[in-house]
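Trainee: Sequence:
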Amino acid sequence: MRGCDSIATFGSRGADLLIRRTVCSYWEDCAVPLRACLAIAGVVLMVSGVAPAAAADDRVSDCDWTQWGQNAAHTGQLCTRGQRDLQLLAHTVVDPFAEQEVAEGGAIPVHVPVPLVDGDGNVFVLRKGGSYVSCDPPGSGEPAPCGRDPENLKRQTWSVRALRWRHDRLIPTWTFTSDWKPSILGIEGLFQSAMSEDFVYVPGAGGTVFQLAKGSGRVVRRINPFGHTIDESAFVSGGLTLDGHGTLFYNVLKSEPTPNGPADGHGWLVRVTRDRKTSMVDYRTLIPGAPRPTDLCYGTFLQTGAERPFPPPPQPDGSPTLPPQQPCLSQRAGLSQAPAIGPDGTIFTVTRAHNTGGEHYGYMVALNPDLSLKWATSLRGILNDGCGVLAPYGNGPFDCRPGTALGVDPYTNLPPAPSVTDGSSASPVALPDGSVVYGASNSYNGFRGHLMKFDRDGHYVTNYDFGLDITPAVYRHDGTYSLVIKDNHYVSGGPFNVTRLDADLTKEWSYTNTETRTCERAPDGTITCVDDGTHPNGFEWCISAPAVDRDGTVYGLSEDGNFYVIDSDGNQREKVFLSKTVASAYTPVSLDSHGRIYAQNNGELYVLDH
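Each residue of the sequence shown is one higher than the one before, counting from 634 in the working numbering.
Any given hint might turn out to be false.
Each computed DSSO-like pair below joins lysine-lysine, with the alpha-carbon atoms no more than 30 angstroms apart [as the list claims (entries may be wrong)]:
(1) K1208 x K1140
(2) K787 x K761
(3) K1007 x K910
(4) K761 x K1208
Source of the hints: derived by calculation from the structure; they are not laboratory data.
Treat the numbers as computed from the prediction; the structure is a model and nothing was measured.
Let's have the full structure, built from the sequences with the hints guiding it.
Mentor: Structure follows, in structure tokens:
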């Protein structure tokens, strides 16, 4: 008997028969109680004729990958089991400029959005277009604008391409090209859409969002929290988030000139309900005690040209040398993060001061559902693991100058402050117990950053010594949960791990990349590899947001060009080569309710299936 295939219920609108789609292939394979299986499918259970309030017309199944991190909490776990004995089923180009981008600097410095998939066979992916002018020679900056110049970025376009499964083939159905541009900072931010049962929400220009009909790509409306004009100095910053009631959350950043000095960044968190009511909160006035725009914030010694090892020697009077100060400018969200929504409706976001060095003046922020402040915790004054702890004393370029105070950040000579960098797509993850984690950046510990954990009241709990550009996946099991992250050791050239942590951020296991070969797939499908000795300790993991299935199996990519499947005990289960060994640091993974896997490599989307 099939357990979740054709279960009918009556919804809150009366006697409309709702047939929910397949979640478990067979009842004996469902491995969960009937009520849980129905709940996973999004089925409304009628008790005495009263439907639960959580039933929403456009609520999607927990087996759909609807947004960054799979769901509004960003936990990255799907209700089903991933396929086994994987083979390449389909592929399509999403970034035709990948080879040109690599030529400029040896890497693809792009924050790649995660493909969105549902149980009806719909797939929504990025498609970049327009033009990209390569520099001649690569990296020269000529003819300007070229390469990674911000003006060259504006020549490109960002689209959502809709595909649909038909007999194991992905068929294009529509394409919508947005007028969104990547950022006001010259960095290609994250172009991340979100999906409900009936609509796809796509970032637009001026801080707007397009609401598209899922089946046709027709524009249902353009959400504009600023009225009727499109201000090109504003843009949607980071991923869109949809909660279980169909409420949309996203960040907007606007460039505003200052009388003297660099432009300020004015930021808002926008909330749009299903009945089209729009509200905003201004980050400039949200956080009590945050630096004011005119207050001075310390930069780093990188700005001064000081010789390494940092920090410089003390002043003649013996006082510690500190980096220069500049106006902090305004608090606003990190460039490519997506807000997270906790089980109780709490909204989590991460802010920073806008100016150079402002990444060290960040806050973990929680808001109530009405956008009023719940708490805001400064990321400063938490850590003391710099010089002599995670950063050794010595004369190397990444060492601390001997004699430096214990525990300080050598880049600032101040207590370490986890950074909210705009070069990261790391987003908050709302955990099942009401706490939250965020992957912050740092340079002094070999660029590994810190995964920071805060309890439901905003108190700092603990950290793990890696957090760079990672939105952890959460595996719920045995009445608790574990978190899965990449765990790269950059400066030492390895090891490069995928690590699972327990709820206290203590390591449970690590799987180490041992591939040493550089490989490429030819158009005829043949793969050639060479071991040139440049990666004796393996390759970095390029996972920005891993996926976990219901069994705790982990899915992610490495810069070696392979897609890896790691079981819940930390053992490699499968390894499939995609296209090319290429440095691509910002790559998420998604699964659909059939267990098919969607992975990206070298500007192409690959689908893996049995």
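Trainee: Taking the hints in turn, state whether each one holds.
Mentor: Here is how each hint holds up against the structure:
1. The hinted pair formed by K1208 and K1140 meets the criterion: a straight-line CA distance of about 23 angstroms does not exceed 30 angstroms.
2. Straight-line distance between C-alpha atoms of K787 and K761 comes to about 12 angstroms, which keeps the hinted pair within the 30 angstroms bound.
3. Pair hint K1007 plus K910 holds up; C-alpha atoms about 22 angstroms apart against a cutoff of 30 angstroms.
4. The suggested pairing of K761 with K1208 holds, with an alpha-carbon distance near 28 angstroms, which does not exceed 30 angstroms.
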